[in-house]
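Q: Starting from the given sequences, assemble the full structure and let the hints guide the process.
In order, the protein sequences belong to chains A and B. The first sequence begins at 1 in my numbering and counts up by one. The second sequence begins at 1 in my numbering and counts up by one.
It is worth saying that the hints were derived from the structure and are not from the lab. Every value quoted in this text rests on a predicted model; they were computed, and no experiment measured them. Using N, Cα and C, we set each Cβ at its ideal position, and we do this for glycine too. Please note: incorrect hints may appear among the correct ones.
Derived BS3-like pairs (lysine-lysine); straight-line CA-CA distance at most 27 angstroms [as the list claims (entries may be wrong)]:
| id | chain 1 | residue 1 | chain 2 | residue 2 |
| --- | --- | --- | --- | --- |
| 1 | B | LYS95 | A | LYS47 |
| 2 | A | LYS30 | B | LYS99 |
| 3 | A | LYS111 | B | LYS339 |
| 4 | A | LYS36 | B | LYS322 |
| 5 | A | LYS114 | B | LYS159 |
| 6 | B | LYS159 | A | LYS30 |
| 7 | A | LYS47 | B | LYS339 |
Not the full set, but computed from the structure, chain A residues with beta-carbon under 10 angstroms of chain B [claimed, not checked]:
| id | residue |
| --- | --- |
| 8 | ILE7 |
| 9 | PRO45 |
| 10 | PHE61 |
| 11 | VAL64 |
| 12 | TRP78 |
| 13 | ILE93 |
| 14 | PHE97 |
| 15 | TYR106 |
| 16 | LYS114 |
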Amino acid sequence: MSSESLILFFILGLVLVGGAVVFSTFAAPKSWNAAKFQPYECGIPVKDGAWTQFNVGYYLFAIVYLVFDVEIVFIYPWGAVMKEVGMSAFIEIVIFFVILGLGLAYAWKKKALKWV
Amino acid sequence: MKFSIYDFSSFTQSIHELLTGVMSPTWVFITELAIVGLIFLLFYAVLGLFLVYLERRVCAFIQNRLGPNRVGPQGIFQTIADLIKLLFKELFVVKNADKFLFNLAPFVVIIASLMAIGALPYAKGLQALDFNIGLFYIIAVTSLGVVGILLAGWSSNSKYSLLGAMRSGAQIISYELSVGLSLLAIIIFAGSMQLSVIVESQANGWWIFKGHIPAFIAFVIFLIAATAETNRGPFDLAEAESELTAGFHTEYTGIRFAFFFLAEYMNMFLAAALATTVFLGGWMPLHFGNFETFNRIMDFVPPIVWFFGKTFVVIYIIMLFKWTFPRLRIDQLLTLEWKYLLPINLVNIVLIAFLVLMGWHF
Chain A
1 MSSESLILFF
11 ILGLVLVGGA
21 VVFSTFAAPK
31 SWNAAKFQPY
41 ECGIPVKDGA
51 WTQFNVGYYL
61 FAIVYLVFDV
71 EIVFIYPWGA
81 VMKEVGMSAF
91 IEIVIFFVIL
101 GLGLAYAWKK
111 KALKWV
Chain B
1 MKFSIYDFSS
11 FTQSIHELLT
21 GVMSPTWVFI
31 TELAIVGLIF
41 LLFYAVLGLF
51 LVYLERRVCA
61 FIQNRLGPNR
71 VGPQGIFQTI
81 ADLIKLLFKE
91 LFVVKNADKF
101 LFNLAPFVVI
111 IASLMAIGAL
121 PYAKGLQALD
131 FNIGLFYIIA
141 VTSLGVVGIL
151 LAGWSSNSKY
161 SLLGAMRSGA
171 QIISYELSVG
181 LSLLAIIIFA
191 GSMQLSVIVE
201 SQANGWWIFK
211 GHIPAFIAFV
221 IFLIAATAET
231 NRGPFDLAEA
241 ESELTAGFHT
251 EYTGIRFAFF
261 FLAEYMNMFL
271 AAALATTVFL
281 GGWMPLHFGN
291 FETFNRIMDF
301 VPPIVWFFGK
311 TFVVIYIIML
321 FKWTFPRLRI
331 DQLLTLEWKY
341 LLPINLVNIV
351 LIAFLVLMGW
361 HF
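A: Structure follows, in structure tokens:
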């Protein structure tokens, strides 16, 4: 099948989830209770919402991740033609990885890879 | 109509010809889409339910319990009964939640896993989407799943959900690198990203055997990273029951909750199927060099049986991980990825490139 049929799987997901949710909305019983609609906090009275300032502990990981993820996008086409290009492709990737490795070592030394 | 269990391409071709004889090209296209869609919908639901059942049985087996054994023979209809129960449970949204995003999250998670499953080669000629960037496409689509998890965690306005979603974010962005790099190993060997080409390239031996030790290292790293990517134990920090009740789907009820559950199991299937396709030869039978008789007997087993057989072996291994290892702490989890798997992977890629350059693989 051609790549236009990709849309099929999108529609399938919509139908599967949408159909079940619509069915369930009509078939399931409903009741109203003030306590039921509170978020679950192990039974103690709920204090504030969850949408407050939040320390994202992996902020530095996310930055290092970005570098490596973009790198993977570059390496994938390289991997596909590695066999045909041969020696020059190999030398290039060694240089590329040395630079990347230095970057990773730097991040490591600066304690960016440490959970705080 | 020619039907052969060994090669589906002639079968699908004959269906296509039959349809073109009856109606116009547009309608042929639409009918084919409808057929494929129906098959995949059934496949997705049935396999998801079966995997949940299997997990409960495997868990029971390891913990020396019986597991579900009342509904149907050996309790095989237990998960179907559970599904029916969940369908008739009330769907409610927590007060103060972001209603639109809360409703959207299950759609994102399910669509991401469905779109990836459509691109897998199940047998010869039995592949819905065969892109020339197949492997890349699957990695791209599966990483969309984390958006659904983050949406679910943030929109429910509950502290447990938020914590679970944030942990999941850290985990998935880290382990995605290892998944990508370990799959790259086989792309270098096969010289293509197209899944059908990768499978064909293993006709005379699976990559895990042909690629010497580097391919085996890549396989092990892929298994670890894929287990972490699918949020399964021992990496199930996003839904650690003892710390976060249910993590990012704490506030979900009824069938919406069931979809998160289903997507998790189908992602596990996807990880196992990808490991099968890329490292274990996909639907190719097991061949040993020059043992003619042995190879003939192996050829006799249909490819689709090979595919699902290998996939379920990998799934069983992933399930064993969950029920035998204790859960990791988040700093241990990130250390494992960034200080062990990633450097090993980078060295491994260079090694493989060298092997391919020298032509030392079979």
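Q: Taking the earlier hints as the rules, which of them does this structure contradict?
A: 4, 7, 9 and 15
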